[in-house]
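Enquirer: One letter stands for each residue in the lines below.
Number of protein chains: 2
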Amino acid sequence: MGSSLLKIVVDAMGGDFAPANEVAGSIQALQEHKNRFEVILVGKEDQIRNELSRHHAETLPISVVNASEVITMEDSPTAALKQKRNSSLAVGMNLHKEGKAQAFISAGNTGAVLSASTLILGRIKGVSRPTIGAFFPSETGVCLLVDAGTNVDCRPNHLYEFAVMGSIYAKRIFKYDNPAVGLLNIGEEESKGNEVVKDAFKLLKNSPLNFLGNVEGRDILKGKVRVVVCDGFVGNAILKFGESVPSFLKAKLLAYAERSLVRKGILGLVKGALKSVFKEMDYEEHGGVPVLGVNGVSIIGHGKSTPKAIKNMILKAAEVATADVNRHIEHMLAGTVSGRQAASDTISLPAHP
Amino acid sequence: MGSSLLKIVVDAMGGDFAPANEVAGSIQALQEHKNRFEVILVGKEDQIRNELSRHHAETLPISVVNASEVITMEDSPTAALKQKRNSSLAVGMNLHKEGKAQAFISAGNTGAVLSASTLILGRIKGVSRPTIGAFFPSETGVCLLVDAGTNVDCRPNHLYEFAVMGSIYAKRIFKYDNPAVGLLNIGEEESKGNEVVKDAFKLLKNSPLNFLGNVEGRDILKGKVRVVVCDGFVGNAILKFGESVPSFLKAKLLAYAERSLVRKGILGLVKGALKSVFKEMDYEEHGGVPVLGVNGVSIIGHGKSTPKAIKNMILKAAEVATADVNRHIEHMLAGTVSGRQAASDTISLPAHP
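Heads up: the protein sequence lines correspond to chains A and B, in order. Heads up: the first sequence is residues 1 to 353, going by this note's numbering. Heads up: the second sequence is residues 354 to 706, going by this note's numbering.
Because the hints were derived from the structure by calculation, they are not lab data. Heads up, some of the hints might be wrong.
Unchecked claim - So the derived label-pair ranges between C-beta atoms look like this:
(1) B:G621 to A:G141: 26 to 36 Å
(2) B:S629 to A:A334: 50 to 60 Å
(3) B:A608 to A:N157: 37 to 47 Å
(4) B:G621 to A:L261: 48 to 58 Å
(5) B:A373 to A:S260: 52 to 62 Å
(6) A:A334 to B:M426: 38 to 48 Å
(7) B:A608 to A:N178: 19 to 29 Å
(8) B:D530 to A:L261: 27 to 37 Å
(9) B:R438 to A:G187: 24 to 34 Å
(10) A:N50 to B:A608: 39 to 49 Å
(11) A:E58 to B:S600: 29 to 39 Å
(12) A:N50 to B:L607: 22 to 32 Å
What the hints assert, rightly or not - Below, a list of computed lysine to aspartate or glutamate pairs in the EDC-like style, where the Cα atoms sit at most 20 Å apart:
(13) B:K632 to A:E258
(14) B:K551 to A:E280
(15) A:K250 to B:E422
(16) B:K545 to A:E74
(17) B:K575 to A:E243
(18) B:K577 to B:E541
(19) A:K192 to B:E541
(20) B:K657 to A:E188
(21) B:K545 to A:D75
(22) A:K224 to B:E596
(23) B:K603 to A:E243
(24) A:K250 to A:E280
(25) A:K275 to A:E243
(26) A:K250 to B:D677
(27) B:K450 to B:D677
(28) A:K308 to A:D324
(29) A:K275 to B:E611
(30) A:K198 to B:D506
(31) B:K624 to A:E258
(32) A:K222 to A:D153
(33) A:K205 to A:E195
(34) A:K192 to B:D677
(35) A:K222 to B:E596
(36) B:K657 to B:E633
Each residue gets a CB set at the ideal place from its N, CA and C atoms; glycine is no exception.
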C-alpha cells in the first residue's frame, strides 16, 4: 500500500448484494485497468475475505480494512451516522478524509452517504449545499439534471451553485467545452415561474456560465443544454418518471405483441434495438452519481448495483479524483463573489500546489 | 337554434390553423354524432362562412356568431382579455356564461382561455384556484396529473382541492370507481418532502378521497393511482418531459437503424407497434383538457389541434356538460368544510334541480 497509485475506498457493505458485488466489481476494475489504482475494501473483514477467496485476486492491489457495523437502507441517515460510528461508511469516509485514499464509492443508503460526505469531508468553500445530480441521455449527448432530490427547498443562490457545480462537472468529466446551462421553468420567457427561479435567472444571466436561459421539461431529452438546474423536488420527480419509461414501454409493447403471432415475431426481432436505446437510460452505464460540493470524491451508486456498476463507479471515482473538479468549483464560486470574471468558459487557476 | 339539444361554442379563431381545423372538426363531430348537440362557431364571420362553404355543411346544426377580434398565442392573457373585448374567446365564453350554450372549447392561447374561464364563468363555490390537469397513459389506464402548469406556487389546501377535482373528473368522465389519489413526493414516507406537501398529506389523509399516500414520479406511468396531485411547476415539468419521450425514442431508433440495412428493415416492420404505443401518449386522443373549478365547461386544446383533435374536444365537452362534474366538486368541497363526510366514494347529492 505504499505506492503512489490512486487509492479508492469501496464501501464493501453498501449495496443490496454486498459484499459479493462490491468485491467482484473491484476485481473487475483492477483486472481491466492494471497499475492505475488500488482498492481498499472496507467492511466486515471475514465476509470480505470469504468473497475474495472465491476469486483469483491474490496478485491484485486490494487491501481490507475492518468495520464492524453496517448502515442499512432502512436506517435514518443522520441517526445511523451518530449511532454506528464503526460502520463501513463512516470508517471508509474517514480514510478518504485523512488522505489515506483519494476517493470513496458506495452503493449504500443514499441519504447516509450524502450526510457522511457532507459531515466528514466538509463542504467546498463557497458551496452552501452539496448536491446530487442525475444523468439523462439526450438526442445530443449526456444531460446533467441537478439537483435530483437532495434539496427539496432551494433559494436562488442554491440553484446558482448547482449550475456552477454541474457546469464544471460536465466540462471536466464529460469533456463538453463551454457546456450550455438551462434553468428549468414552465416557459422560456424570463417572466415565467415562481420568485425563486426568477431570481435565479438573474444570478445565472450575470454569471460567467454559458447560460442559455429558461428551458422546459422537454429540453432534457432533446439535449438543448448539457446542464439543467432545478430544485430537488422537481428533479427527483423527473428522474423517477424518466426511470419508469423503459418498463412502461416494455409493458405496452408486450401487450401489443400478445395480440398476434406475427406481431410477436416482429417484436422479437426488434428487441436488440430497444435494448440498445434503453441501455442509454441505464444508471449503470454512467458509474453512479457524484456528491457535488464536498471536499473530496464521493460516488453513490444504486442499491441494486451489479459488479459491472461497481466497476464503473470505481473508474468514475478515479477519473473525478484526477480531474480537479473541486478546485475548479471553488475558484468559480470565489470569482462570482468578488466581482465576476468575464463571461469566458476558461477559468485561469493558480498553478497546482 | 331553438332546439333543446346541447349547444357547444367552438372558438373558431383559437388554434394555429384556425378557422380551417375548427370548422372541419366541428363538421366531423356533427356528422358522426347526429342529433346529440349543436355547434356555435364564434369568430370572424366571413372567414368562417368561407370555410363552411368548402364542406357540405348546409344541413348540419351549425350557427355562426361574429367576433371581430382575435387573441393570438403571443398576447398576454389578462391584457388581451381587457383590450380585445370583442375577441372570439370573450364573445364565445359570454355565450356560455349567459346560458346560450352549455360548453366552450378552444385551441387558442391556454393562459387566455384559463383567464377567460375564471373571470367570465367564475369559480365553483369552495374552489380557491381553478386548474388544468394533464392525462398520462399508464400500465393500468389513464392517470390524471393535476396541476399541470396553471398554479406554480401552491398552498396545501390548493393541492387538496386539485385532488377533489381530479378525483371527481376521473370518476365521472373516465368511469373509474373510487379512483385512487396519490400525492407526488420524493419518497413514500409521510415525513418526506417540503412543508407544503407534508401539510397537504394530512388534509388528504383525513378526507373522504381514496388517498393512497405519497407517490413518486415513477408511479405515474406505472398506473399506481388514477390521480396524481402536485403543484403546477412540477406538473408542467413532468408533462413536458413526457411529451418529449416519443421523439427522443424515434431519434434514437433511427440512429440505431442507420448503422445497417438489416436493422433498417427490422425497424420498418416494428413501426406499427411503436406508433400504437406513442398514440396513447398523444393529446389528441383525449380531446383536450378541461379547466377544472370554473362554473361551466371549458375545454382547452393544443394550438396545433387537427380537425380530429377539435372533434374529440367537442365530444369531450358534450360528455362533461352532461356528467354534472361541477356539482359534484361543489358538494364534496362543501362536505370537507362543514364536517367531513364518511370515507365513502359515493357522495349523495340533492336531487337535480
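Enquirer: Each hint should be assessed against the structure and marked as holding or not.
Expert: Taking the hints in turn, this is what the structure says about them:
no. : hint                         : result
1   : B:G621 to A:G141: 26 to 36 Å : holds, 27 Å
2   : B:S629 to A:A334: 50 to 60 Å : holds, 55 Å
3   : B:A608 to A:N157: 37 to 47 Å : holds, 39 Å
4   : B:G621 to A:L261: 48 to 58 Å : violated, 19 Å
5   : B:A373 to A:S260: 52 to 62 Å : violated, 38 Å
6   : A:A334 to B:M426: 38 to 48 Å : holds, 44 Å
7   : B:A608 to A:N178: 19 to 29 Å : holds, 25 Å
8   : B:D530 to A:L261: 27 to 37 Å : holds, 35 Å
9   : B:R438 to A:G187: 24 to 34 Å : holds, 26 Å
10  : A:N50 to B:A608: 39 to 49 Å  : holds, 45 Å
11  : A:E58 to B:S600: 29 to 39 Å  : violated, 52 Å
12  : A:N50 to B:L607: 22 to 32 Å  : violated, 49 Å
13  : B:K632 to A:E258             : holds, 18 Å
14  : B:K551 to A:E280             : violated, 35 Å
15  : A:K250 to B:E422             : violated, 48 Å
16  : B:K545 to A:E74              : holds, 14 Å
17  : B:K575 to A:E243             : holds, 11 Å
18  : B:K577 to B:E541             : holds, 12 Å
19  : A:K192 to B:E541             : violated, 30 Å
20  : B:K657 to A:E188             : holds, 19 Å
21  : B:K545 to A:D75              : holds, 15 Å
22  : A:K224 to B:E596             : holds, 15 Å
23  : B:K603 to A:E243             : holds, 18 Å
24  : A:K250 to A:E280             : holds, 15 Å
25  : A:K275 to A:E243             : holds, 14 Å
26  : A:K250 to B:D677             : violated, 38 Å
27  : B:K450 to B:D677             : holds, 16 Å
28  : A:K308 to A:D324             : violated, 25 Å
29  : A:K275 to B:E611             : holds, 16 Å
30  : A:K198 to B:D506             : holds, 13 Å
31  : B:K624 to A:E258             : holds, 16 Å
32  : A:K222 to A:D153             : violated, 27 Å
33  : A:K205 to A:E195             : holds, 15 Å
34  : A:K192 to B:D677             : violated, 34 Å
35  : A:K222 to B:E596             : holds, 11 Å
36  : B:K657 to B:E633             : holds, 17 Å
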